[in-house]
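Trainee: As a plain string of letters, each chain reads:
There are 2 protein chains.
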Amino acid sequence: MSPRTPSTPRPSETALMERVQAHIRALPESGIVEVMKYGQQREGMIPLWAGEGDVPTPAFICEAAAIALEAGETFYTWQRGLPELRAAIARYMSQLYGVDEEPERYFVTGSGMQAITTAFSIALAAGDEILVPSPVWPNAPAAAQRIGAHPVFVPFSYGPDGFRLDMARMEQAVTPRTRAIFLNTPANPTGFVATLEELRAVLDLARRHGLWIIADEIYGRFHYGEGTRAPSMHDVMEPEDLILFVQTFSKNWAMTGWRIGWLEAPVWLGQVVENLIQYSTSGVAAFMQRGAIAALEQGEDFLAAQIARARLGRDIMGNALLATDRVRLVKPQGAFYMFFGIEGQDDVRRLGLQLVDEANVGIAPGTAFGPGGEGFMRLCFARSPAQLEEASRRLVRWLETPHTSHAHR
Amino acid sequence: MSPRTPSTPRPSETALMERVQAHIRALPESGIVEVMKYGQQREGMIPLWAGEGDVPTPAFICEAAAIALEAGETFYTWQRGLPELRAAIARYMSQLYGVDEEPERYFVTGSGMQAITTAFSIALAAGDEILVPSPVWPNAPAAAQRIGAHPVFVPFSYGPDGFRLDMARMEQAVTPRTRAIFLNTPANPTGFVATLEELRAVLDLARRHGLWIIADEIYGRFHYGEGTRAPSMHDVMEPEDLILFVQTFSKNWAMTGWRIGWLEAPVWLGQVVENLIQYSTSGVAAFMQRGAIAALEQGEDFLAAQIARARLGRDIMGNALLATDRVRLVKPQGAFYMFFGIEGQDDVRRLGLQLVDEANVGIAPGTAFGPGGEGFMRLCFARSPAQLEEASRRLVRWLETPHTSHAHR
Chain A
125 MSPRTPSTPR
135 PSETALMERV
145 QAHIRALPES
155 GIVEVMKYGQ
165 QREGMIPLWA
175 GEGDVPTPAF
185 ICEAAAIALE
195 AGETFYTWQR
205 GLPELRAAIA
215 RYMSQLYGVD
225 EEPERYFVTG
235 SGMQAITTAF
245 SIALAAGDEI
255 LVPSPVWPNA
265 PAAAQRIGAH
275 PVFVPFSYGP
285 DGFRLDMARM
295 EQAVTPRTRA
305 IFLNTPANPT
315 GFVATLEELR
325 AVLDLARRHG
335 LWIIADEIYG
345 RFHYGEGTRA
355 PSMHDVMEPE
365 DLILFVQTFS
375 KNWAMTGWRI
385 GWLEAPVWLG
395 QVVENLIQYS
405 TSGVAAFMQR
415 GAIAALEQGE
425 DFLAAQIARA
435 RLGRDIMGNA
445 LLATDRVRLV
455 KPQGAFYMFF
465 GIEGQDDVRR
475 LGLQLVDEAN
485 VGIAPGTAFG
495 PGGEGFMRLC
505 FARSPAQLEE
515 ASRRLVRWLE
525 TPHTSHAHR
Chain B
125 MSPRTPSTPR
135 PSETALMERV
145 QAHIRALPES
155 GIVEVMKYGQ
165 QREGMIPLWA
175 GEGDVPTPAF
185 ICEAAAIALE
195 AGETFYTWQR
205 GLPELRAAIA
215 RYMSQLYGVD
225 EEPERYFVTG
235 SGMQAITTAF
245 SIALAAGDEI
255 LVPSPVWPNA
265 PAAAQRIGAH
275 PVFVPFSYGP
285 DGFRLDMARM
295 EQAVTPRTRA
305 IFLNTPANPT
315 GFVATLEELR
325 AVLDLARRHG
335 LWIIADEIYG
345 RFHYGEGTRA
355 PSMHDVMEPE
365 DLILFVQTFS
375 KNWAMTGWRI
385 GWLEAPVWLG
395 QVVENLIQYS
405 TSGVAAFMQR
415 GAIAALEQGE
425 DFLAAQIARA
435 RLGRDIMGNA
445 LLATDRVRLV
455 KPQGAFYMFF
465 GIEGQDDVRR
475 LGLQLVDEAN
485 VGIAPGTAFG
495 PGGEGFMRLC
505 FARSPAQLEE
515 ASRRLVRWLE
525 TPHTSHAHR
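Chains A and B, in that order, give the protein sequences.
Numbering-wise, this note's numbering puts 368 at position 244 of the first sequence, and it's gapless, one number per residue.
Numbering-wise, this note's numbering puts 207 at position 83 of the second sequence, and it's gapless, one number per residue.
Derived from the structure by calculation, the hints contain no laboratory data.
All C-beta atoms in this analysis are idealised placements derived from N, C-alpha and C, irrespective of residue type, glycine included.
One or more hints might be untrue.
Across the chosen pairs, the derived CB separations fall in these ranges [claimed, not checked]:
1) A:Asp-425 to B:Pro-495: 52 to 58 Å
2) A:Ala-150 to B:Pro-495: 58 to 64 Å
3) A:Glu-142 to B:Asp-224: 22 to 28 Å
4) A:Arg-215 to B:Gln-395: 40 to 46 Å
5) A:Val-157 to B:Pro-495: 40 to 46 Å
6) A:Ala-429 to B:Gly-349: 57 to 63 Å
7) A:Ala-195 to B:Glu-498: 38 to 44 Å
8) B:Gly-334 to A:Glu-498: 38 to 44 Å
9) A:Asp-425 to B:Arg-143: 39 to 45 Å
10) B:Tyr-162 to A:Asp-425: 40 to 46 Å
11) A:Asp-425 to B:Gly-349: 57 to 63 Å
Chain A on its own, in the form it takes in the complex (with noise of 0.2 Å):
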């Protein structure tokens, strides 16, 4: 850069940012940020504000990509995938959900978050609606915020069976601009799974309005109740409805990283997810998409010893918590976020700070996922039963310890 001109007036940065688009400009900053930063430094911090596991991805995945890397597969690849990956999504699919096996409607993405994306460009448009339960993770309304469509949060109901959808209040919140309904079962953070009436009437009110459904399913594997995974909208679903899967390989095979997913869509929309992947960022690495067909096609016992190891951390955390009689809290029956209130304490965004510097645990503030979460902290139980145990020990002292307000901490 060559040096300034003393005479070339310069505007304020503030004046700047007025340059950005405005849609753009209002896209929220993560909420579970303000507690990591203020607690990632400190020592013997047990963190359980990401929604992360504590294992690396496995050897057998990462040598595939390794081979794959060494064995020169650097070039451009299918925007849509490698045919071999998209098959072994397709015989996955077809196990798990018993659905037709058609490599065609599977379409690779550089993670979960680009096929929510994708799938947003095929259904929402600047100044449409999308329904959105709440809480929510944010990152999904925020996606729909990033093309200058609306969010509209219908806040769950919560009873004695925890976070329940609200057809009423769905139904009402659909306007003339709404377009699509987001649906995340089993769902972060809030626990909710569900059931096959449930999906029926979301399907319902999605066909009467002539509304998309992003299907978000990423913990289907992760299910506390009956069977090898949670119910779908593939159960209830007929091929001409207008729903959109998102997939990530991040959660089950322990591939947070990575950035690679998928989008589940209907084969006549070939072209256009073709074109949306290849407008965006060109399609994903031949090596990572490697290391993902091992995944898939290696990984059934990796992906059962997590799920073991979530459920064990589920009753571990659990139990402790419900043990002291002052926290809010239904076991959730899926995913693997334990979604509490603790008894005395509205003001979670404080108390997520207070935690750090009192119980030395990081856990996230309920206000970072929208309407309905205040009142409620977010914890993530994806990790090892003895550091479960350790943070559960501490948050019990806390929780029996006599808490003043710290109104003007």
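Start from chain A and add chain B according to the hints.
Mentor: For chain B alone, kept in the frame of chain A given last:
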């Protein structure tokens, strides 16, 4: 999927397609694909249609990534990129362009393509216009269309110096909806390289109308004039200019398939860029970023060899074609494409298929690159001298054989 109830009417796929957002449905399919599909299975075919060399990623880069994978760098990471990579980019840019070494200006993206979509999201909304000198790499205008904005093509002038920016046409193309200028220099497919005077003229236009400049200088090292790089917006800009630079590791270090690049933006845009990354792909794999660090820190010798090879390829192909006296060609000043016309051959889409059949060489039709590409063909010369010698022999033989017009082919 449950069996369909016979009473349910099944709308045709055409009707369903109308439920896709119109500007997304209208996204163009790549114009290169037709000839690639037609020719890619031919025995002995020499494929010069893609913007990609024939050398896989060098081992020292692959190894750095494989080591990080094995070491368990598989968790979520910084949305803006690893601090070490941002520092390495800052050092590289500082050495090359004499700019301040300021890591906070650089944001790691999952491809140069994602850097473009991120920049466009900042500058453009639905209905806005962006000036795009053309012929142009088609993904850039398509990325504008993806967010509902309109690329306004401004054809280059063409003369004895090859393709040049037509500043009068640029000026005339500005309307109240214009928000940005996309400037690719050195340019794909034309080989145009902006002079310092031309860069100043574009900057002046942008300043007068309050426009963003999206500067795509990814071929800056592939420059056949003097110096180690082409002239750059860095040479003429002031700190307060609204310039977003898009960059990629793809071309310099033979990493096309990796999907990793960077966006260079003013520091005050940091949180905006982070949010855009968070809500589109949520970052780039840390292990890939280790490969990118190796490319920057140990890649100069490899890059020098790549540039020398491209310069040789340019001479082999350029001299052979010019000697026939049957082509319209000015040897490119930068990038690694020959963009040329063949006397008497106006239907270049058909010509691409014909050259597959009759010369066994794969070349992309200029029509794939937007207005101004009619009557031209693009070939990539970033390949081995031996292969380019053979391809040029085949093309020269074809050019020197009389051809009847195949109007009904």
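Trainee: Look at each hint and say if it fits the structure.
Mentor: Here is how each hint holds up against the structure:
1. Asp-425 of chain A and Pro-495 of chain B have their C-beta atoms about 57 Å apart, which keeps the hinted 52 to 58 Å range intact.
2. For the hinted restraint 58 to 64 Å between Ala-150 of chain A and Pro-495 of chain B, the CB-CB distance of approximately 35 Å leaves it violated.
3. At about 25 Å, the beta-carbon gap between Glu-142 of chain A and Asp-224 of chain B stays in the expected band of 22 to 28 Å.
4. The hinted range of 40 to 46 Å is satisfied by Arg-215 of chain A and Gln-395 of chain B, whose Cβ atoms lie roughly 42 Å apart.
5. One distance hint, 40 to 46 Å for the beta-carbon pair Val-157 of chain A and Pro-495 of chain B, holds here, with the actual separation near 45 Å.
6. In this structure the supplied range 57 to 63 Å holds for Ala-429 of chain A paired with Gly-349 of chain B, their Cβ-Cβ distance being about 60 Å.
7. Hint check: Ala-195 of chain A to Glu-498 of chain B, Cβ distance near 41 Å, so the stated range 38 to 44 Å holds.
8. Between Gly-334 of chain B and Glu-498 of chain A, the C-beta spacing of about 41 Å keeps the proposed range 38 to 44 Å intact.
9. With their beta carbons about 41 Å apart, Asp-425 of chain A and Arg-143 of chain B fall inside the hinted range of 39 to 45 Å.
10. Distance hint for Tyr-162 of chain B and Asp-425 of chain A: a CB-CB separation of about 45 Å, consistent with the stated range 40 to 46 Å.
11. In this structure the hint that Asp-425 of chain A and Gly-349 of chain B lie 57 to 63 Å apart at CB holds, the actual value being about 59 Å.
This entry does not satisfy hint 2, going by the numbered hints stated previously; all others are met.
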